[in-house]
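Peer 1: Protein sequence lines, in the order shown, are assigned to chains S and V.
So the first sequence is residues 1 to 136, counted in the numbering used here.
So the second sequence is residues 1 to 136, counted in the numbering used here.
Mixed in with the good hints, there may be bad ones.
Pairs involving identical chains hold if they fit within one copy or between any two copies, as the list cannot separate such chains.
The calculated SDA-like cross-link candidates involving lysine to any residue, where the alpha carbons are at most 25 Å apart (straight line), are [unchecked claim]: (1) 114 / 52; (2) 70 / 11; (3) 7 / 130; (4) 46 / 78; (5) 51 / 91; (6) 114 / 100; (7) 7 / 101; (8) 114 / 58; (9) 7 / 59; (10) 114 / 99; (11) 38 / 77; (12) 114 / 62; (13) 114 / 39; (14) 114 / 21.
Worth flagging that the hints you see were computed from the coordinates, not collected in a lab.
There are 2 protein chains.
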Amino acid sequence: MQNQEIKQLIEAADDAINREDFEALMEFYSDDAVLVVKPGLLVRGKEQIRKAFEAIAEYFNHSLAVEQGKMCILEAGDTALVISNTVLNVGQRTDASYSMDRNATYVFKREEDKHWRCIIDNSYGVELLDVEDKEK
Amino acid sequence: MQNQEIKQLIEAADDAINREDFEALMEFYSDDAVLVVKPGLLVRGKEQIRKAFEAIAEYFNHSLAVEQGKMCILEAGDTALVISNTVLNVGQRTDASYSMDRNATYVFKREEDKHWRCIIDNSYGVELLDVEDKEK
Numbered sequence: 001m002q003n004q005e006i007k008q009l010i011e012a013a014d015d016a017i018n019r020e021d022f023e024a025l026m027e028f029y030s031d032d033a034v035l036v037v038k039p040g041l042l043v044r045g046k047e048q049i050r051k052a053f054e055a056i057a058e059y060f061n062h063s064l065a066v067e068q069g070k071m072c073i074l075e076a077g078d079t080a081l082v083i084s085n086t087v088l089n090v091g092q093r094t095d096a097s098y099s100m101d102r103n104a105t106y107v108f109k110r111e112e113d114k115h116w117r118c119i120i121d122n123s124y125g126v127e128l129l130d131v132e133d134k135e136k
Numbered sequence: 001m002q003n004q005e006i007k008q009l010i011e012a013a014d015d016a017i018n019r020e021d022f023e024a025l026m027e028f029y030s031d032d033a034v035l036v037v038k039p040g041l042l043v044r045g046k047e048q049i050r051k052a053f054e055a056i057a058e059y060f061n062h063s064l065a066v067e068q069g070k071m072c073i074l075e076a077g078d079t080a081l082v083i084s085n086t087v088l089n090v091g092q093r094t095d096a097s098y099s100m101d102r103n104a105t106y107v108f109k110r111e112e113d114k115h116w117r118c119i120i121d122n123s124y125g126v127e128l129l130d131v132e133d134k135e136k
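Construct the complete structure from the given sequences, taking the supplied hints into account.
Peer 2: Laid out in structure tokens, this is it:
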């Protein structure tokens with residue numbers, strides 16, 4: 001009995017990432033949202049998050065494609081924890097394509113306008129414990 | 001720069017579990033909280049959560065001792081995701097003691113009274129993806 005609304009939001013957000021429509025992507029985030037760019041590097045707020053996605057797109061030479069595999073959504077009141085097998089395909093437009101597979105943790109919040117938005121975007125899941133914690 | 005209040009709450013909650021003071025333990029949970037008893041089995045609300053802890057204590061013959069190792073807290077507005085290496089020691093009062101090591105995910109919420117409370121208690125972390133999702 002999963003929250004279909006959140007599942008569809010994540011699919012639509014992935015689609016925005018894959019199209020590099022970062023303006024549309026920001027609609028999925030809360031104003032207070034935090035994104036784990038990589039273990040040890042966090043960014044906060046829509047402006048910083050959009051810049052991080054632009055840098056990530058550049059880093060992967062505009063070849064990044066994200067999709068979700070198996071997903072588990074734990075909903076409690078206005079909060080939901082999403083655990084998802086996130087697959088990142090990189091370099092599909094070249095011969096050197098490869099994919100990365102992560103067990104991600106996302107936290108969603110149902111805000112005052114009743115829409116669910118991502119408040120914590122941590123695609124590294126529990127891997128964060130493997131590195132020192134520090135914030136940009 | 002971790003949220004020390006949440007870290008201390010988790011330590012105090014572990015202490016309540018280890019003393020089997022489940023009345024005190026319930027103070028750490030939101031009214032809407034959900035607990036993953038085991039993958040595929042969720043319980044909701046303080047009454048069900050307390051009963052689950054009583055059953056867990058019974059199951060481990062009142063020998064369960066919980067402590068946290070390395071912890072990472074991602075805070076965003078009134079929401080926080082805790083990723084923690086949770087160590088469960090079982091059977092310390094017998095010769096057959098052993099310990100279980102889990103990378104847990106807990107979600108905390110700062111409620112209207114400004115206190116942080118656990119809203120999603122998932123000590124299994126991303127392991128939830130390994131089993132079918134079903135709710136009691």
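Peer 1: Using 25 Å as the alpha carbon limit, work out where residue 70 and residue 11 are close: within a copy, between copies, both or neither.
Peer 2: within (12 Å within a copy, 32 Å between copies)
Peer 1: Are the CA atoms of residue 7 and residue 101 at most 25 Å apart within a copy, between copies, both, or neither?
Peer 2: Close inside one copy (18 Å), not across copies (30 Å); limit 25 Å.
Peer 1: Cα distance capped at 25 Å. Does residue 7 pair with residue 130 within a copy, between copies, both, or neither?
Peer 2: between (28 Å within a copy, 18 Å between copies)
Peer 1: Between copies, within a copy, both or neither: which fits residue 7 and residue 59 at Cα up to 25 Å?
Peer 2: For residue 7 and residue 59, neither the intra-copy (27 Å) nor the inter-copy (35 Å) Cα distance is at most 25 Å.
Peer 1: When Cα atoms must be at most 25 Å apart, do residue 114 and residue 100 count as within-copy, between-copy, both, or neither?
Peer 2: neither (34 Å within a copy, 39 Å between copies)
Peer 1: Using 25 Å as the alpha-carbon threshold, which applies to residue 51 and residue 91: within, between, both, or neither?
Peer 2: Within. Shortest intra-copy distance 21 Å satisfies the 25 Å Cα cut-off; inter-copy 51 Å does not.
Peer 1: Checking residue 114 and residue 39: alpha-carbon separation at most 25 Å within a copy, between copies, both or neither?
Peer 2: Cα proximity of residue 114 and residue 39: none, with 31 Å in one copy and 29 Å across.
Peer 1: At most 25 Å between CA atoms: does that hold for residue 114 and residue 58 within a copy, between copies, both, or neither?
Peer 2: Result: close neither inside a copy nor across copies, 34 Å intra and 41 Å inter.
Peer 1: Check residue 114 against residue 62 for me: Cα-Cα at most 25 Å, and say if that holds within a copy, between copies, both or neither.
Peer 2: For residue 114 and residue 62, neither the intra-copy (34 Å) nor the inter-copy (43 Å) Cα distance is at most 25 Å.
Peer 1: I want to check one pair: residue 38 and residue 77. Are their C-alpha atoms no more than 25 Å apart within a copy, between two copies, both, or neither?
Peer 2: between (29 Å within a copy, 20 Å between copies)
Peer 1: Is it within a copy, between copies, both, or neither that the alpha carbon of residue 114 lies no farther than 25 Å from that of residue 21?
Peer 2: within (24 Å within a copy, 37 Å between copies)
Peer 1: Regarding residue 46 and residue 78, is the shortest C-alpha distance of 25 Å or less found within a copy, between copies, in both, or in neither?
Peer 2: Both: 21 Å inside a chain and 17 Å across chains, each within 25 Å.
Violated hints for the displayed structure, listed by number in ascending order: 1, 6, 8, 9, 10, 12 and 13.
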